[in-house]
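> As given, the protein sequences belong to chains A and B, one line each in that order.
Going by this note's numbering, the letters in the first sequence line up with residues 1 to 579, in that order.
Going by this note's numbering, the letters in the second sequence line up with residues 1 to 417, in that order.
Calculated directly from the structure, the hints in this document are not laboratory data.
Just so you know, these numbers come straight off a predicted model, no measurement behind them.
Some hints could be false.
[Said to hold, decoys possible] In silico contact screen, one side only, chain A against chain B (beta carbon under 8 Å); selected entries:
| # | residue |
| --- | --- |
| 1 | PRO488 |
| 2 | ARG496 |
| 3 | LYS567 |
[Said to hold, decoys possible] So the derived list for chain A, only partly shown, Cβ under 7 Å to chain B, looks like this:
| # | residue |
| --- | --- |
| 4 | GLY372 |
| 5 | THR373 |
| 6 | THR374 |
| 7 | MET378 |
| 8 | ILE398 |
| 9 | VAL493 |
| 10 | VAL551 |
| 11 | LEU564 |
[Unchecked claim] Residues of chain B placed beyond 10 Å of chain A at every Cβ, according to the derived structure:
| # | residue |
| --- | --- |
| 12 | LYS59 |
| 13 | PRO328 |
| 14 | SER351 |
| 15 | GLY413 |
Cβ coordinates follow ideal geometry from the N, Cα and C atoms, glycine included.
What follows is the residue order along each chain.
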Amino acid sequence: MSDKEIAQKLKAQISQDPELSKLRLKISCDDDIVLLEGEAEKWEQVVALGHLAAGMSGVRGVVNKVWPKFLLRPKKRRKFKGKASWDGMEVDVVVVGAGIVGAAIARELSRFNVKVAVVEKESDVAWGQSKANPGWVHAFAGVDVDPGLLKAKLCVRGNAMYDKLAQELDFPFKRIGLLAIVTEEELLPLLDFVEALAKQHGVPVEIIRDREEIFRREPRVTEKALAALFFPTYGSTSPYLVTIALMENAVANGVKLLLDTEVIDVMVECSKIKGVVTDRGKIFTKFLVNAAGLYADDIAEMAGAREFTIHPRKGEMLIFDSKYSSLYSHNLAPATLKTDPYTKGGGIAIAVDGNSIWGPNAEEVSYKEDIGTTSEAMEIIWEKFSIFVPNIPKEAMITAFAGLRAATYTEDFHIAPSQKVKELINVAGIQSPGTAAAPAISEMVLEILRKEGLRLEENPDFNPTRKAPPSFHSLPNKQREKLIAEDPEYGHVVCRCEHVTEGEVVEAIRRGATTLDGIKFRTRAGMGRCQGGFCTPHIIKILAKKLKIPVECVTKRGSDSELLPYKIKTLLLRGDSID
Amino acid sequence: MTKRNVDIAVIGGGAAGLAAAIKAKEKGIENIVILERNEELGGILPQCIHTGFGLRYFKENFTGPEYISRFIKKAQDLQIESKLDTMVLEITSDKKITAVNSVDGLLTLQAKAIVLAMGCRERTRGALGIAGTRPAGILTAGTAQRLMDIEGYMPGAKVVILGSGDIGLIMARRFVMEGAKVEAVVEILPYASGLSRNVVQCLEDFNIPLLLEHTVTSIHGADRVEAVTVAKVNVDWKPIQETERTIECDTLILSVGLIPENELSQIADIALDSATGGPIINDYMETSVQGIFGCGNVVHVYDLVDQVTQAGELAGESAARYVLNELPTLRKKIVLKAGDNVKSVVPQIISGEEPVTLHLRVKKPMRNVKVKIGNLSIPKRVVRPPEMVVISFTGKAIEKLEKKDELRVSIEGETGP
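Chain B extracted, bound-state conformation (with noise of 0.2 Å):
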């Protein structure tokens, strides 16, 4: 078994864990590896061929593999080494990595720090529990983009696709421009899941049908999806039978929600938030163990990658800082729980001392709101639940925050979009 000590374990070489190494390199530290389980560098990014790239980070509109090649050339650039087509099997809370890849075999890390950026999953079928049959013909929106994207073939010619999340509405966009018919994207919310800039461009621009406040209750076909039967559903959500009916489709694509992967840090004890199903964090990206980091969509799943390279660089930054003895313990810590309105805050811990940027989820779309943080209320005009609510402390802002162990965030306002 080939065993050796790095300063700094990356776990996954996508958005997150390419800014997290470049920074914690940037500070210093030389002794850095990026385990990615696949073939390449950049995560899903490569796969995603569209614009809306780095408006925010860059300001300039890119693609994703426009984006995340200036990540993948300046790691190159820096001399960080990556191991890809590396599993990473067990991290433990004294952070020994057991990882496998076809050179090395089996490989052991002792590492100072690890960052987690495992990225996520999409939500199956399964996890919906939609009745019918299991032909082939029925993917993840993920799934699809990969093999469109990247492999160069399409998984179908009728399609309908189910969750208006921004991946799906990006491949409602793909499957018309390749020649496939778009029967409908069928929602069971009464708004779009994903960017209202998506919403326009991917489906009004191409006149595909939104069906809001439906679903897809049974899958057709032996062989090959032959139709799925759709119906409007009611105020809990409960399809209406008289509402059923077929839709003659050969694909059925489901784009139904992001998992944050978090088995590794499951197996190394690592504290979840079950708000968003990553590891619980504070003001420098750590978890409940000392020395691992989360960043980026293991974390929570963001709206915008540029959001994921910063904290990436957060989290590298703050890891070389711990590998350096530089890195403070929190001598207070706030716990911010989720109120009214509000489905998850991250981090879920602060100092309360230092500068730090919090991202909310709403559960509902609300107007005129007012974010309440402990003593604190700040202005917003509209809150919806696809876009994260992002309220920064910058430089002594945070000095006026009550200091309470525990403070509430709650959002208050008109409802309706």
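One chain only, chain A, in its complex shape (with noise of 0.2 Å):
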């Protein structure tokens, strides 16, 4: 189809829409991709647009500009705050994003002798979506989704990565199965078509008919099981611990990471990238690999190339006490007829830390920073999966946080060199099972790098493997007493929900944590029981003695996030220059 005939087509389908024909909107459709422009009433207007112009044959991606008439256009989050500037690096390859996938793309490039520098904006490495999501190493991308889609190939490769690379990395990884609970009588009849269909995917699955054979493996779940789908080949994994030994491996064989910088503008000369600008100085490389997430559409169009846009969907998820949640052994879910086609459903996830995780949900959302929590939320994912596991009071629930899916109006992933601009390799729209794609993601960029002219001669010096630092509390007392015995700082318990010792944390400062939260997603100080009431006062101490800096100057996630801003009296000082 051509150009011109999706745009008519698109402009047929809108005009029988009774509610999205009244909107004044600009359509055109250049190079296969529709570019929606103009106003709407409402956000979920936005939405259902851009999924209707991506369901057109012939469709390849959405630029949809359309924003509602009264809502305002969120402002930016800046963070700039004057630190040391890479003005005039050089190097081969450049990727925006320090997320699982960034991450996993700059670990690859190292076993190649090639300049990498990834360019993150935020203070920390997977403070995107790849902290917020519940680690699941999804097995298959869902019996509804086309088997052919990139995003499903991808998982289920990216699956099977796992087990060599979390040995390689040193990162939590467990192959403890999904458990999908049949309560609907209806849904028996159709047990064998699921089948069917998980199989076209290439994933195993077993069919347990047998109500007591259901209770011997979870002999908590709930008595309204009646039966279930049993995928073995689910993992479950920590996917920041993930990102964060990923890029230390990356780090360690010579790709170079720079934190709070953030890409403001990209260089591009006669249709080639040239170099990014950022607020810390502008950086020449022959390669730009867009893996900002969320942000990917902006990086995209800074250069030139509208080809997609991210519209975030936000889930929340809660988070209960490991004291319950290893009371159930497999991720959980229930096995339902879908009504939301953008989702898998969630489920309960056991955390590799032994917290039990739930949901997420699903909520379109205009905002690309909102990740605020609703009480609307936290109740439906209660009501929704508390009757499966009916041994986790609601007292357990220790709190909720929310993340955003970078999704495309496509709903597949985005990993293509753009076609409007050489030398810009697009991995956009990495929605879930992101996770459990990472692995394969990279091999598939590192290819198509290749594939457009970038020598790859091997580093010799590649070292593929990482120690993951010691955590005091999974270790037998054996070897707590060896590490006891090397650093007196790791009989130090600064945590006391979760025995961190002051040795775990100076160590974790010593791999790149300059933050409260950078301490916390490292070694779980403050994810306990007490969030943080106790640790936290000692964590700050140790953060401004190591990092030496002042106390005021400690932050939670970055600048404009200092903790202690003043010293005792200062305000006093100031007067009533406050109000």
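Put the two chains together into one complex, using the hints given.
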């Protein structure tokens, strides 16, 4: 179909929709990419338009510039605080984004003699959706997903790569399997069909029709269970620990990690990438890998390559005390007839660190920083999943958190060289199952770079292994003693709930943590039932001492999040100026 | 691994633990060790720089540091050993303790008796399920107090306090005295949760608004707290949406309750009371495991440190008697059950033969009440949830109590303060 035909067909479809037909829109199509412009009444219409366009045959991408009439455009978070400059740096590849995808690509590139810089606007790695998901290593993209989609293929491939990766990089990974519980009678006749669909993805599945067998495997699951589907290759990991491990290994093999550095423009010459302008200077590069997650469309646009739009889809999750989650040994999910086509529906994850994480739900939002939780979603998630695990009480909930999926309107991964700007590789739309797919994505990106002309000579010094820092809590007593004998700081427990020692906090700082959240994600200090009440004062002091900065400059997660902004008495000296 | 035997191991060197250790030493036990996870003795008191401590025990008005320093000094004078910066990782029902510090490394102690005095921790935002973002500037009141009064730093300049528990009220005043602005203290109940004297001295004297029947429904701000949404609640404590309004602030302090810290008790299979969150204890402060005693806020959260000290002394004395084989086993066991308008009763089990002091927490305010314990009825003018009802049976008074396996403790009277 020609561009013109696509645009006309789309207009015709919109005119049939009672709501969308009332909007003033400009619709065009260029090179199989639909461009939508105009005003909507509300955000749901913007998303509906995007999905409608993406559903047209022949459409490769949707750039959706429609914005609701009365919705303020959010102001950008700008965090530059005049740090050291990278101006004039020259590399072969700049990777934008230090999430799990950017880190996996960087590590893959470090096998070769290429100069790589990873540019990340936050103060640490994995601070986008890589830390805000429940750590499922999906075995496949779901029975209702076309097995031919890129995300379906990369999920199955990536899942299979996890055992070796976890071994090399020493991050927690368990193939605990997924038990999808059937409680609705009308689903029972469909189980064979579901099995056939799963097999099309190439994923092993076992149908359990014997109720006793379900309770034998998971004794405390709901008595309403009628049957179950067991997917043995589902895994559980810590997505941020995977990212940290990948990046530590990449850096050890020569990759430069530039944190607190935001890309504000992309330099293009003769339709070819020349470099990036950051808030800390210009970096010149031959190739640009755009793994900027929620902001991937903004980065592409800076290069003048509008090929897709990211629409954030929020997922809220609840975390439960590990005391209760140990009652269950598999990831659990309701097997149900789906109502929302854009989510797998979430489930009950048994996280590798022992907590249970429920959710996520799915809600389209307009703001790329909208990671606030809502009481409505908390209630919905509780109602939806609590019936499956009757032994976890509501009081066991430690906290709630939210993340944003960086979805494109085609709802598939968009991993391809830009059609408009040479040497720009977009790795966008990495929504679920991105954690599982990440290793396979990095392989694919490497092949694209090779094809696009990046010379890849093997790095003879490449070391594929990385050791995780010691975790006092999970070590047997013999090894704990050895650790303390070597370094007495491992005998000083600073986080009472999770038994995290000063030695671990210091090691986290040595490996790159500069903030309270950085320590929390690396060591679990502050993740327990007291939520940092006792350990925060200790950790702030350790951070100030080791980073050689004043206590007032220690932050929760980078500048503007200072934890103790004033010394005592300074407000009194300032008089009334605070009003 | 360092291994040793002790007569009594006291877990926690705060007001309860110190009192227990001192009393046990005075009763003639030599081999006592206090295991304290902090870098100093005293528990929460060193950071409580306001007055109001010791009015009952010493008949004097002390600050927290003044109050507790008397006990720290006494423990030193009695040469009671304490291990600081020492975290107990595990205790077993046969009284084996595994602990760790940076000097001894891992150490195991075989104790003849154990006194649990781990205190309590603060409830957090997660337990309340407050929606919104997770920026810097959300702290519990006790953490804020430590940061300000021990470390010497201010967590913010424009503050909203959720919950009118005593620490919240005290911190409202502290913030104002340090030049910060306290926009409001927000309380979900129709009355303050803290002691009346603190409402007067900490809020009214400083013109800090107290919003009763209100709660915080959402937190705003990406990196630092920028505002909170507050709303009035209905009778079911559910926020009324039309009453929502935003208060700009850079800090949200939570003073929403304390939880006895019993993770170790659970490892040792000690029976807990779901109403208090602490171990079930008897006349002698003994838990369900023989030779393991509990005292202070680990058993249930007290109003005053003076009461914690007394509980510690009783537990210390009982532990000493246990080690000396002088502690009788209860011949008769009367289980006290919380009845009307009673949230909890401590001790939960009594002999009905020895003098005992009962601590009751009520559910709602009442006046002209009768406290009914089995066949006995004790009049009281007013009962309020923030203030424990204390019933002491001294001398032979307990003999009048009927002897049944189970007695109901209830409070009858007129509703309202």
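> Run through the hints listed earlier and report the numbers of any the structure violates, in increasing order.
none
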